[in-house]
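Number of protein chains: 2
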Amino acid sequence: MTSSFVRIEALRAHVGRVASVRGWVTHLRSSGKVAFIVLRDGTGVLQSVIVKNNVAPEVWERFQQLTVETSIAVTGELREDARSPGGVEMSAVALEIIGPSPTDYPIQPKEHGVDFLLDHRHLWLRSRRQRAIARVRNEVEQAIHDFFYERGFLRVDTPILTAAIGERSGLFATEYFDEGTAFLAQTGQLYGEAAAAAFGKIYTFGPTFRAEKSKTRRHLTEFWMIEPEVAWNDSNDNMRLQEEFVAYLVRRALDRCAEELKELERDTSPLERVVPPFPRIAYTEAVEILKKKGSTIQWGDDLGAEDEALLVEDHDRPIFIFNYPKEAKAFYMKENPEDPRTVLCDDCLAPEGYGEIIGGSQREDDYDKLVQRIKAEGLPMAAYGWYLDLRKYGTFTHAGFGLGLERTVAWICGTPHIREVIAFPRLMNRLAP
Amino acid sequence: MTSSFVRIEALRAHVGRVASVRGWVTHLRSSGKVAFIVLRDGTGVLQSVIVKNNVAPEVWERFQQLTVETSIAVTGELREDARSPGGVEMSAVALEIIGPSPTDYPIQPKEHGVDFLLDHRHLWLRSRRQRAIARVRNEVEQAIHDFFYERGFLRVDTPILTAAIGERSGLFATEYFDEGTAFLAQTGQLYGEAAAAAFGKIYTFGPTFRAEKSKTRRHLTEFWMIEPEVAWNDSNDNMRLQEEFVAYLVRRALDRCAEELKELERDTSPLERVVPPFPRIAYTEAVEILKKKGSTIQWGDDLGAEDEALLVEDHDRPIFIFNYPKEAKAFYMKENPEDPRTVLCDDCLAPEGYGEIIGGSQREDDYDKLVQRIKAEGLPMAAYGWYLDLRKYGTFTHAGFGLGLERTVAWICGTPHIREVIAFPRLMNRLAP
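Chains A and B are the protein sequences, given in the same order. For the first sequence, my numbering begins at 1 and goes up steadily by one. For the second sequence, my numbering begins at 1 and goes up steadily by one.
For reference, chain A alone in the conformation it holds in the complex:
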């Protein structure tokens, strides 16, 4: 009997023929005369049936030795079966044990605490739920690249190791040869601005770092951020790009991850409503709305998570809050000419309690105003020489934003904590595995 090794994702094309599949046992069941093996190989799930009287005695013998997570090769004829996971079932005639799995496999079909699961993240990833999340993340990442590629943006990989620059608290530091201390980038934005002047439309896609003692379900010390920057875009263009981008990502996940979202028991109806335009609320207006709702917020305060929730609850899709007070925001944001107490910026807040997924702004393009802001914030002027050059030599209107990948994927998946949507999360008390 000839057979070929096939991945489960490709089995449908082999129906009616004999094939071999390699993978890991996830479920075992036997009536004494008929045995069932459910197998996963990462690309899909396959049920194999072994009928005792149809196979050699050693095959039936080997079945008795199987445990969950044993790696095996099974060979048999494939037939269509609408009730089976991948629409295909195998009548196994051969079974080979590749790697046994001791019965102390840590993850059992019962409730485990999240710390235990995170300690065994390398094995936890094998679960159906974690695979579904990983597939949604993969789809969103590819969608991000496709979105920008189709629109003529250049991807620019900005440095992780940087001299003192950007937001200054919560930095990871490392010795850098004779150059002193290097800091792990919290953003690629300033570099992105230089690249936008060179290439017009760019985006970054990389890890960013915050050495902050935050223990919320929305914080990681290492997370991935996507930061587009566009020459000649103003704050309005910027919000238009954001809503188009977010809607594109959600649509891609809905269109291509229906099975995964079902596995995650995600109610997709709120996602179906994520269509531009997103409501836009000026910060000053937001404060009035919040006061009417009983909040004690005063003009000038930053919005807390509760305030954000009060604003989002009136809408059926993400919203923008724009033009915050200057003091609440970073030095590089452009002063609002119509109200210099504020800057031309926005936060995009996701519904269903997920909150901020994007922060964006038009950048200060006035050399003198930028120098004033750097001084006012006590930042080291020398480190910003090259950044000021972008205003000295042909300054230009430009705007950009940063989308938090894990927050976005967590929202699309409907997972309560963002630690589940990255393969090996880094939290203030977790550096392993």
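Hints listed in this document are in silico derivations from the structure and should not be mistaken for laboratory results. For clarity, every value in this text was computed on a predicted model and none was experimentally measured. Watch out, some of these pointers could steer you wrong.
Label-pair restraints from in silico Cβ distances [claimed, not checked]: (1) Ser4(A) to Arg17(B): 54 to 62 Å; (2) Glu58(A) to Gln298(B): 47 to 55 Å; (3) Glu212(A) to Gln298(B): 51 to 59 Å; (4) Asn429(B) to Asp368(A): 31 to 39 Å; (5) Thr216(A) to Gln298(B): 57 to 65 Å; (6) Glu58(A) to Val371(B): 41 to 49 Å; (7) Asp302(B) to Asp302(A): 55 to 63 Å; (8) Asp115(A) to Glu352(B): 46 to 54 Å.
Dumping the calculated DSSO-like pairs for lysine-lysine here, alpha-carbon to alpha-carbon at most 27 Å [as the list claims (entries may be wrong)]: (9) Lys110(A) to Lys392(B); (10) Lys392(A) to Lys110(B); (11) Lys291(A) to Lys329(A).
Here a beta-carbon is modelled for each residue, glycine too, at the ideal position from N, C-alpha and C.
For this one, chain A is given, so just place chain B on it according to the hints.
Showing chain B alone in chain A's frame:
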């Protein structure tokens, strides 16, 4: 007169109409009655013509004030012109200066030393050559994602901050809360192996770090690496995937970056020959070839750059050298059952003097052999507990490799030093801008 703001890449669709373009001046020329402005906006290059007698005096006046890198808006009718860079020329009727550029603009049309250029990397990126390189890099990056997406690989983002693991010298270290010291990842491979057992076929795409005092044209302290890992692939499958992958990337660049490669004066005929299969030379055979060529190499020595060049010179495309001596390679490579002095691994060497662009191997899947190797190398066993779990619970044949992005792009572009193919290179003496 109405006009709309258009990016240069999209101007062809506006021929016969009036449009406005914003960008930076790259060249100026005037006969006294007719003036020419060459403008770049990152998406393309446009020549505008101003005829003194056809425009308002203040427009002509403003032209006199222009300098290189001044940012401007020009408005006028567009007409086809085959001799012009983008096939379009503008008859300008309006000109607005947005941001002047002082005449001390650092980068002048003369030879500059590379240290000077790197000190002004934020401005150097604006040159035609740097833009061409950035566009090739962008194309290669998108091609990488497309290659794996089309083949059902999941992208997995492995951590940068890691506990002690992997190769041990040349690590950047940082304090990590109460968890002790974290090290910046030199590879995502070990995590990729865990993910391959969960998802079947995966790849990583991220920055990696080497705190090594290397000052060659092939070394950066921070560079981007792509690391696929495939469950059930052996070393032969692994080399097949590598040659298919490399050929795909080169083909994409040839097909979609013809203009950029021309700008870089790249002779594309060697690239046209990059088609599988790539020649495969066993290490042991390579030693014999080198001896015949007069090398003093002995079996057991690692191959130096000169040895590699001697091997590559006989071939017209990349080659594989496979199955190196165990002592020359990392602990996780699988012992060769047919010659236990060697391991099942390969290096892929690019022609034209570019050398190693890929290192790959089948991974040791035998628990006991792996424990022995970890002990023999004096690595901290406790840190590898989770990695050993992958062999304890359903061990599996698997293989993967790491492709250096900058080395690959430098080869495709034909640039002598890899520092030119990343936006803001990090070298042992360079942390800024």
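Consistency of the hints with the structure:
At about 59 Å, the beta-carbon gap between Ser4(A) and Arg17(B) stays in the expected band of 54 to 62 Å. Taking 47 to 55 Å as the suggested C-beta distance range, the pair Glu58(A) and Gln298(B) conforms, at roughly 48 Å. A C-beta distance of roughly 54 Å is found between Glu212(A) and Gln298(B), which places it inside the suggested range of 51 to 59 Å. Remark: the range hint 31 to 39 Å for Asn429(B) to Asp368(A) is upheld by a beta-carbon distance near 33 Å.
The hinted range of 57 to 65 Å is satisfied by Thr216(A) and Gln298(B), whose Cβ atoms lie roughly 59 Å apart. Evaluation of the 41 to 49 Å hint for Glu58(A) and Val371(B) yields a failure: the beta carbon distance comes to about 30 Å. Hint check: Asp302(B) to Asp302(A), Cβ distance near 57 Å, so the stated range 55 to 63 Å holds. Here the CB-CB span from Asp115(A) to Glu352(B) is close to 53 Å, well matched to the stated 46 to 54 Å.
Using a Cα cut-off of 27 Å, the hinted pair Lys110(A) and Lys392(B) holds, with the two alpha carbons roughly 21 Å apart. The straight-line distance between the Cα atoms of Lys392(A) and Lys110(B) is roughly 21 Å, inside the 27 Å bound, and the hint therefore holds. For the suggested pair Lys291(A) and Lys329(A), the alpha carbons sit about 22 Å apart, so the restraint of at most 27 Å is met.
Violated hint for the displayed structure: number 6, the only one.
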